[in-house]
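Hey, can you work out the whole structure from these sequences and the hints?
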Amino acid sequence: MTTSEIPSLWKHVLKLLRSEDSSANIEEMRLHSIITDFPELLRPLDDWIHSFEQVIQVSDKELYENVNLRAKELSHTLASNRSVSNTVIDDRPIYWGRLMGQVLLRQRLRRGNLDSQIATDTREALEWNSRKVNYGSFTHERIVLTCFDPFMLDRNITQCNPSAIIAYTIAQTLCPEYSINVLVFPVRFQDFDEDCVERMLKTLYFTNPSLVVTLSMGRKQFDLERFPGNRRSVETLDNLNVCGIDGKKFPTCVAGAPSFLEFSLPAEAMKKAPGQWSVIDNRRVATERHTEFYPRSLAQLTSETAVQGSGGGFLSNEISYRSILLQKRFGKSFPLGHLHVPKVNSFDVIQLRSICNQAESIIKLALENSKN
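The opening position of the sequence shown corresponds to residue -16 in the numbering used here, with each subsequent residue numbered one higher.
Source of the hints: derived by calculation from the structure; they are not laboratory data.
Warning: the hint list may mix true and false statements.
Stated by the list, open to error - Computed list of lysine-lysine pairs in DSS-like fashion (alpha-carbon distance at most 30 Å, straight line):
(1) Lys311 - Lys254
(2) Lys254 - Lys347
(3) Lys115 - Lys44
Unchecked claim - Pairwise CB distance ranges (calculated):
(4) Leu281 - Leu52: 40 to 50 Å
(5) Ala282 - Gly230: 24 to 34 Å
(6) His273 - Asp98: 46 to 56 Å
(7) Arg1 - Tyr277: 45 to 55 Å
(8) Asp29 - Glu351: 39 to 49 Å
(9) Val237 - Phe317: 13 to 23 Å
(10) Asn96 - Glu160: 47 to 57 Å
(11) Val38 - Ser16: 20 to 30 Å
(12) Lys(-2) - Pro234: 31 to 41 Å
(13) Thr186 - Thr19: 33 to 43 Å
(14) Asp104 - Ser(-9): 23 to 33 Å
Ideal Cβ positions, reconstructed from N, Cα and C, are used throughout, including at glycine.
Spelled out as C-alpha coordinates, the structure:
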(Lines of atoms letter the chains of each structure in order from A and count residues from 1; the text may use other names and numbers.)
(Lines give C-alpha, C1' and ligand atoms only; values in the text may rest on other atoms or scores of the structure.)
Protein backbone atom coordinates (compact mmCIF):
# COMPACT_ATOMS: atom_id res chain seq x y z
CA MET A 1 0.00 0.00 0.00
CA THR A 2 1.38 3.42 -0.96
CA THR A 3 1.26 6.35 1.44
CA SER A 4 -1.46 8.01 -0.63
CA GLU A 5 -3.70 4.94 -0.23
CA ILE A 6 -3.50 4.82 3.57
CA PRO A 7 -6.68 6.18 5.23
CA SER A 8 -6.13 9.53 6.94
CA LEU A 9 -6.81 8.16 10.44
CA TRP A 10 -4.28 5.38 9.93
CA LYS A 11 -1.75 7.99 8.76
CA HIS A 12 -2.46 9.84 11.97
CA VAL A 13 -1.68 6.72 14.01
CA LEU A 14 1.58 6.25 12.10
CA LYS A 15 2.51 9.85 12.90
CA LEU A 16 1.73 9.27 16.58
CA LEU A 17 3.86 6.13 16.65
CA ARG A 18 6.79 7.94 15.04
CA SER A 19 6.54 10.85 17.44
CA GLU A 20 6.19 8.93 20.70
CA ASP A 21 8.82 6.21 20.60
CA SER A 22 9.28 6.58 24.36
CA SER A 23 5.56 5.86 24.98
CA ALA A 24 4.52 3.31 22.39
CA ASN A 25 5.60 -0.18 23.42
CA ILE A 26 7.01 -2.90 21.18
CA GLU A 27 3.59 -4.45 20.71
CA GLU A 28 2.09 -1.18 19.48
CA MET A 29 5.06 -0.33 17.27
CA ARG A 30 4.31 -3.40 15.13
CA LEU A 31 1.31 -1.42 13.84
CA HIS A 32 3.77 0.27 11.45
CA SER A 33 4.05 -2.94 9.45
CA ILE A 34 0.34 -3.75 9.64
CA ILE A 35 -0.77 -0.34 8.38
CA THR A 36 1.75 -0.10 5.56
CA ASP A 37 2.15 -3.73 4.48
CA PHE A 38 -0.89 -5.71 5.67
CA PRO A 39 -3.87 -3.31 5.84
CA GLU A 40 -6.28 -6.18 5.18
CA LEU A 41 -5.77 -7.17 8.83
CA LEU A 42 -7.28 -3.86 9.97
CA ARG A 43 -9.90 -3.14 7.33
CA PRO A 44 -12.64 -5.35 8.90
CA LEU A 45 -12.55 -3.06 11.96
CA ASP A 46 -11.99 0.24 10.18
CA ASP A 47 -15.52 1.42 11.09
CA TRP A 48 -14.95 0.57 14.76
CA ILE A 49 -11.60 2.41 14.77
CA HIS A 50 -13.12 5.55 13.22
CA SER A 51 -16.08 5.38 15.59
CA PHE A 52 -13.75 4.97 18.56
CA GLU A 53 -11.70 7.99 17.50
CA GLN A 54 -14.90 10.06 17.34
CA VAL A 55 -16.38 8.98 20.68
CA ILE A 56 -13.22 9.87 22.61
CA GLN A 57 -13.48 13.48 21.45
CA VAL A 58 -15.69 14.32 24.42
CA SER A 59 -15.25 15.97 27.77
CA ASP A 60 -13.07 14.32 30.41
CA LYS A 61 -16.21 13.61 32.40
CA GLU A 62 -17.75 11.58 29.56
CA LEU A 63 -14.58 9.85 28.36
CA TYR A 64 -14.47 6.79 30.63
CA GLU A 65 -18.05 5.74 29.91
CA ASN A 66 -17.61 6.19 26.15
CA VAL A 67 -14.43 4.10 26.14
CA ASN A 68 -16.03 1.44 28.30
CA LEU A 69 -19.04 1.06 26.00
CA ARG A 70 -17.00 1.07 22.79
CA ALA A 71 -14.54 -1.47 24.18
CA LYS A 72 -17.35 -3.94 24.77
CA GLU A 73 -18.33 -3.64 21.11
CA LEU A 74 -14.90 -4.43 19.66
CA SER A 75 -15.12 -8.20 19.41
CA HIS A 76 -18.84 -8.27 18.65
CA THR A 77 -18.29 -5.87 15.74
CA LEU A 78 -16.18 -8.44 13.93
CA ALA A 79 -17.92 -11.54 15.25
CA SER A 80 -21.20 -10.33 13.73
CA ASN A 81 -19.50 -10.08 10.33
CA ARG A 82 -17.64 -13.34 9.78
CA SER A 83 -14.70 -13.45 7.44
CA VAL A 84 -14.42 -15.47 4.26
CA SER A 85 -17.85 -16.82 3.33
CA ASN A 86 -19.18 -17.08 6.88
CA THR A 87 -16.79 -19.87 7.81
CA VAL A 88 -14.50 -18.76 10.65
CA ILE A 89 -13.92 -15.56 12.60
CA ASP A 90 -10.48 -14.02 12.12
CA ASP A 91 -9.00 -12.94 15.47
CA ARG A 92 -6.32 -10.67 13.98
CA PRO A 93 -8.39 -7.53 13.25
CA ILE A 94 -9.59 -7.57 16.87
CA TYR A 95 -6.03 -7.74 18.16
CA TRP A 96 -4.70 -4.98 15.91
CA GLY A 97 -7.83 -2.85 16.35
CA ARG A 98 -7.36 -2.85 20.13
CA LEU A 99 -3.79 -1.64 19.74
CA MET A 100 -4.93 1.13 17.38
CA GLY A 101 -7.47 2.17 19.98
CA GLN A 102 -4.83 2.35 22.70
CA VAL A 103 -2.60 4.63 20.60
CA LEU A 104 -5.51 6.98 19.86
CA LEU A 105 -6.69 6.95 23.46
CA ARG A 106 -3.25 7.77 24.82
CA GLN A 107 -3.13 10.89 22.64
CA ARG A 108 -6.59 11.94 23.86
CA LEU A 109 -5.60 11.45 27.51
CA ARG A 110 -2.60 13.72 27.03
CA ARG A 111 -4.92 16.55 26.02
CA GLY A 112 -7.12 16.18 29.07
CA ASN A 113 -6.81 16.88 32.76
CA LEU A 114 -7.92 13.56 34.16
CA ASP A 115 -6.61 12.34 37.49
CA SER A 116 -3.84 9.80 36.81
CA GLN A 117 -5.86 6.97 38.35
CA ILE A 118 -8.92 7.76 36.22
CA ALA A 119 -6.69 7.89 33.13
CA THR A 120 -5.29 4.47 34.04
CA ASP A 121 -8.80 3.13 34.61
CA THR A 122 -9.83 4.42 31.18
CA ARG A 123 -6.96 2.65 29.44
CA GLU A 124 -7.74 -0.50 31.43
CA ALA A 125 -11.39 -0.31 30.39
CA LEU A 126 -10.37 -0.44 26.72
CA GLU A 127 -7.86 -3.22 27.30
CA TRP A 128 -9.90 -5.60 29.42
CA ASN A 129 -13.52 -4.96 28.45
CA SER A 130 -12.60 -5.54 24.80
CA ARG A 131 -11.33 -8.98 25.84
CA LYS A 132 -14.68 -10.20 27.21
CA VAL A 133 -17.43 -11.40 24.89
CA ASN A 134 -20.73 -12.93 26.00
CA TYR A 135 -22.98 -14.95 23.73
CA GLY A 136 -26.47 -16.17 24.54
CA SER A 137 -28.76 -15.88 27.53
CA PHE A 138 -27.55 -16.35 31.09
CA THR A 139 -30.56 -18.61 31.66
CA HIS A 140 -28.81 -21.32 29.63
CA GLU A 141 -26.00 -23.62 30.72
CA ARG A 142 -22.78 -21.62 30.77
CA ILE A 143 -19.50 -22.51 29.08
CA VAL A 144 -16.36 -20.43 29.59
CA LEU A 145 -13.69 -20.50 26.88
CA THR A 146 -10.42 -18.63 27.25
CA CYS A 147 -7.92 -18.07 24.46
CA PHE A 148 -4.92 -15.93 23.52
CA ASP A 149 -3.84 -13.09 21.24
CA PRO A 150 -1.62 -13.87 18.24
CA PHE A 151 2.05 -14.13 19.23
CA MET A 152 5.55 -14.74 17.80
CA LEU A 153 4.73 -11.79 15.54
CA ASP A 154 8.35 -10.88 14.86
CA ARG A 155 8.60 -14.18 13.00
CA ASN A 156 5.30 -13.76 11.19
CA ILE A 157 3.43 -10.47 11.56
CA THR A 158 0.31 -12.01 9.96
CA GLN A 159 0.13 -14.87 12.50
CA CYS A 160 -3.33 -15.69 13.81
CA ASN A 161 -4.10 -17.65 16.96
CA PRO A 162 -6.40 -20.63 16.32
CA SER A 163 -7.38 -20.72 19.99
CA ALA A 164 -9.16 -17.36 19.58
CA ILE A 165 -10.57 -18.32 16.18
CA ILE A 166 -12.03 -21.47 17.76
CA ALA A 167 -13.48 -19.61 20.74
CA TYR A 168 -15.11 -16.87 18.64
CA THR A 169 -16.36 -19.22 15.95
CA ILE A 170 -17.84 -22.08 17.97
CA ALA A 171 -19.28 -19.67 20.55
CA GLN A 172 -21.67 -18.42 17.90
CA THR A 173 -22.52 -21.97 16.89
CA LEU A 174 -23.22 -23.09 20.45
CA CYS A 175 -24.90 -19.95 21.78
CA PRO A 176 -28.47 -20.83 20.72
CA GLU A 177 -28.25 -23.71 23.19
CA TYR A 178 -25.65 -22.48 25.70
CA SER A 179 -24.44 -19.24 27.19
CA ILE A 180 -20.80 -18.77 26.16
CA ASN A 181 -18.29 -16.47 27.83
CA VAL A 182 -15.14 -15.88 25.76
CA LEU A 183 -12.10 -14.30 27.42
CA VAL A 184 -9.08 -13.38 25.29
CA PHE A 185 -5.80 -13.11 27.19
CA PRO A 186 -2.71 -11.10 26.26
CA VAL A 187 0.58 -12.87 25.62
CA ARG A 188 2.43 -10.77 28.20
CA PHE A 189 4.14 -11.99 31.34
CA GLN A 190 3.55 -8.69 33.14
CA ASP A 191 -0.23 -9.10 32.96
CA PHE A 192 0.01 -12.62 34.36
CA ASP A 193 2.25 -11.30 37.16
CA GLU A 194 -0.50 -8.78 37.89
CA ASP A 195 -3.05 -11.62 38.24
CA CYS A 196 -4.99 -10.98 35.04
CA VAL A 197 -6.18 -14.61 34.98
CA GLU A 198 -7.56 -14.43 38.49
CA ARG A 199 -9.18 -11.03 37.92
CA MET A 200 -10.86 -12.13 34.69
CA LEU A 201 -12.09 -15.52 35.92
CA LYS A 202 -13.12 -15.03 39.54
CA THR A 203 -16.55 -13.51 38.86
CA LEU A 204 -17.40 -16.23 36.34
CA TYR A 205 -16.34 -18.94 38.77
CA PHE A 206 -18.98 -17.83 41.25
CA THR A 207 -21.68 -18.36 38.62
CA ASN A 208 -20.78 -22.09 38.72
CA PRO A 209 -20.34 -22.65 34.96
CA SER A 210 -21.01 -26.05 33.46
CA LEU A 211 -17.57 -26.20 31.84
CA VAL A 212 -14.40 -24.10 31.65
CA VAL A 213 -11.80 -24.82 28.95
CA THR A 214 -8.66 -22.76 28.49
CA LEU A 215 -7.37 -22.88 24.91
CA SER A 216 -4.04 -22.09 23.30
CA MET A 217 -2.11 -22.81 20.10
CA GLY A 218 0.02 -25.89 20.57
CA ARG A 219 1.51 -28.76 18.65
CA LYS A 220 0.47 -31.11 15.83
CA GLN A 221 -2.69 -32.39 17.50
CA PHE A 222 -5.19 -31.58 20.24
CA ASP A 223 -3.54 -32.05 23.63
CA LEU A 224 -5.49 -32.25 26.88
CA GLU A 225 -2.90 -31.00 29.36
CA ARG A 226 -3.47 -33.11 32.45
CA PHE A 227 -0.77 -31.86 34.84
CA PRO A 228 0.04 -28.13 34.55
CA GLY A 229 3.22 -27.17 36.39
CA ASN A 230 4.07 -24.20 38.57
CA ARG A 231 7.06 -23.08 36.51
CA ARG A 232 8.14 -20.79 33.67
CA SER A 233 10.86 -22.64 31.85
CA VAL A 234 11.09 -21.72 28.16
CA GLU A 235 12.87 -18.93 26.33
CA THR A 236 9.88 -18.06 24.14
CA LEU A 237 9.37 -14.29 24.14
CA ASP A 238 6.02 -12.70 24.88
CA ASN A 239 4.49 -9.93 22.77
CA LEU A 240 6.63 -7.32 24.53
CA ASN A 241 9.73 -9.41 23.72
CA VAL A 242 10.10 -10.32 27.40
CA CYS A 243 11.50 -13.73 28.36
CA GLY A 244 9.83 -15.46 31.29
CA ILE A 245 12.96 -17.00 32.73
CA ASP A 246 15.82 -15.31 34.55
CA GLY A 247 19.00 -16.78 33.11
CA LYS A 248 19.05 -20.45 34.13
CA LYS A 249 16.68 -19.93 37.06
CA PHE A 250 13.14 -21.14 36.35
CA PRO A 251 10.70 -18.94 38.29
CA THR A 252 7.43 -20.26 39.66
CA CYS A 253 4.16 -19.01 38.25
CA VAL A 254 2.60 -18.59 41.70
CA ALA A 255 4.81 -18.34 44.78
CA GLY A 256 4.16 -20.88 47.51
CA ALA A 257 1.75 -22.99 45.45
CA PRO A 258 2.08 -26.74 44.64
CA SER A 259 4.45 -27.82 41.86
CA PHE A 260 1.71 -29.60 39.93
CA LEU A 261 -2.08 -29.62 39.69
CA GLU A 262 -4.46 -31.85 37.73
CA PHE A 263 -7.36 -30.93 35.46
CA SER A 264 -10.91 -32.23 35.91
CA LEU A 265 -11.95 -32.74 32.29
CA PRO A 266 -13.53 -36.05 31.10
CA ALA A 267 -10.50 -36.86 28.96
CA GLU A 268 -11.50 -40.37 27.88
CA ALA A 269 -14.71 -39.06 26.35
CA MET A 270 -13.05 -36.02 24.76
CA LYS A 271 -10.44 -38.23 23.07
CA LYS A 272 -13.23 -39.75 20.96
CA ALA A 273 -14.03 -36.51 19.13
CA PRO A 274 -14.10 -37.19 15.36
CA GLY A 275 -11.74 -35.31 13.08
CA GLN A 276 -8.39 -35.46 11.31
CA TRP A 277 -6.29 -34.68 14.39
CA SER A 278 -5.56 -36.98 17.32
CA VAL A 279 -6.83 -35.94 20.75
CA ILE A 280 -4.24 -36.83 23.40
CA ASP A 281 -4.54 -37.08 27.17
CA ASN A 282 -1.09 -35.60 27.68
CA ARG A 283 0.57 -36.58 30.95
CA ARG A 284 4.13 -35.70 29.99
CA VAL A 285 5.93 -33.45 32.49
CA ALA A 286 9.53 -32.61 33.37
CA THR A 287 10.82 -32.30 36.92
CA GLU A 288 14.17 -31.58 38.53
CA ARG A 289 14.67 -35.34 38.91
CA HIS A 290 13.11 -36.51 35.64
CA THR A 291 13.63 -34.83 32.27
CA GLU A 292 10.66 -36.81 30.94
CA PHE A 293 8.02 -38.31 33.21
CA TYR A 294 4.53 -39.70 32.55
CA PRO A 295 2.80 -39.92 35.94
CA ARG A 296 -0.33 -42.00 36.25
CA SER A 297 -1.71 -39.78 39.02
CA LEU A 298 -1.10 -36.47 40.75
CA ALA A 299 0.04 -38.41 43.82
CA GLN A 300 3.17 -39.46 41.92
CA LEU A 301 4.13 -35.78 41.63
CA THR A 302 3.79 -34.77 45.28
CA SER A 303 7.54 -34.99 45.93
CA GLU A 304 8.60 -33.59 42.55
CA THR A 305 9.63 -30.02 41.64
CA ALA A 306 8.20 -28.87 38.32
CA VAL A 307 10.34 -27.81 35.41
CA GLN A 308 7.60 -28.19 32.79
CA GLY A 309 3.95 -29.07 33.11
CA SER A 310 2.02 -31.09 30.57
CA GLY A 311 1.33 -27.80 28.83
CA GLY A 312 5.01 -26.85 28.67
CA GLY A 313 6.67 -23.86 30.34
CA PHE A 314 5.05 -20.85 28.63
CA LEU A 315 1.83 -18.91 29.29
CA SER A 316 -0.42 -21.68 27.99
CA ASN A 317 0.78 -23.91 30.83
CA GLU A 318 0.51 -20.99 33.22
CA ILE A 319 -3.11 -20.11 32.43
CA SER A 320 -3.95 -23.77 32.97
CA TYR A 321 -2.17 -23.80 36.31
CA ARG A 322 -3.59 -20.50 37.54
CA SER A 323 -7.17 -21.30 36.53
CA ILE A 324 -7.12 -24.64 38.37
CA LEU A 325 -5.43 -23.14 41.44
CA LEU A 326 -8.07 -20.38 41.57
CA GLN A 327 -10.83 -22.97 41.38
CA LYS A 328 -9.32 -24.87 44.31
CA ARG A 329 -8.96 -21.72 46.37
CA PHE A 330 -12.64 -20.94 45.82
CA GLY A 331 -13.70 -24.52 46.56
CA LYS A 332 -15.48 -24.97 43.23
CA SER A 333 -15.86 -28.27 41.37
CA PHE A 334 -16.98 -27.62 37.79
CA PRO A 335 -14.98 -29.44 35.04
CA LEU A 336 -11.94 -27.39 34.09
CA GLY A 337 -8.79 -27.89 32.05
CA HIS A 338 -6.57 -26.84 29.19
CA LEU A 339 -6.74 -27.82 25.52
CA HIS A 340 -3.78 -27.14 23.24
CA VAL A 341 -5.09 -26.90 19.67
CA PRO A 342 -3.14 -27.67 16.48
CA LYS A 343 -0.60 -25.08 15.45
CA VAL A 344 -1.13 -23.16 12.21
CA ASN A 345 1.29 -20.99 10.24
CA SER A 346 -1.22 -19.12 8.09
CA PHE A 347 -4.88 -18.16 7.95
CA ASP A 348 -5.97 -21.18 5.96
CA VAL A 349 -9.77 -21.13 6.04
CA ILE A 350 -10.26 -24.79 5.13
CA GLN A 351 -7.79 -25.96 7.76
CA LEU A 352 -9.19 -23.61 10.42
CA ARG A 353 -12.76 -24.68 9.69
CA SER A 354 -11.75 -28.30 10.23
CA ILE A 355 -9.98 -27.41 13.49
CA CYS A 356 -13.06 -25.50 14.68
CA ASN A 357 -15.36 -28.41 13.82
CA GLN A 358 -13.28 -30.90 15.78
CA ALA A 359 -12.83 -28.47 18.68
CA GLU A 360 -16.60 -28.05 18.85
CA SER A 361 -17.01 -31.83 19.07
CA ILE A 362 -14.41 -31.97 21.86
CA ILE A 363 -16.22 -29.23 23.83
CA LYS A 364 -19.60 -30.91 23.38
CA LEU A 365 -18.24 -34.26 24.56
CA ALA A 366 -16.71 -32.56 27.58
CA LEU A 367 -20.04 -31.02 28.49
CA GLU A 368 -22.11 -34.13 27.86
CA ASN A 369 -19.79 -36.32 29.93
CA SER A 370 -19.50 -33.89 32.83
CA LYS A 371 -23.19 -33.95 33.69
CA ASN A 372 -24.40 -35.97 36.62
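Return the numbers of the hints above that this structure violates; sort them in rising order.
none
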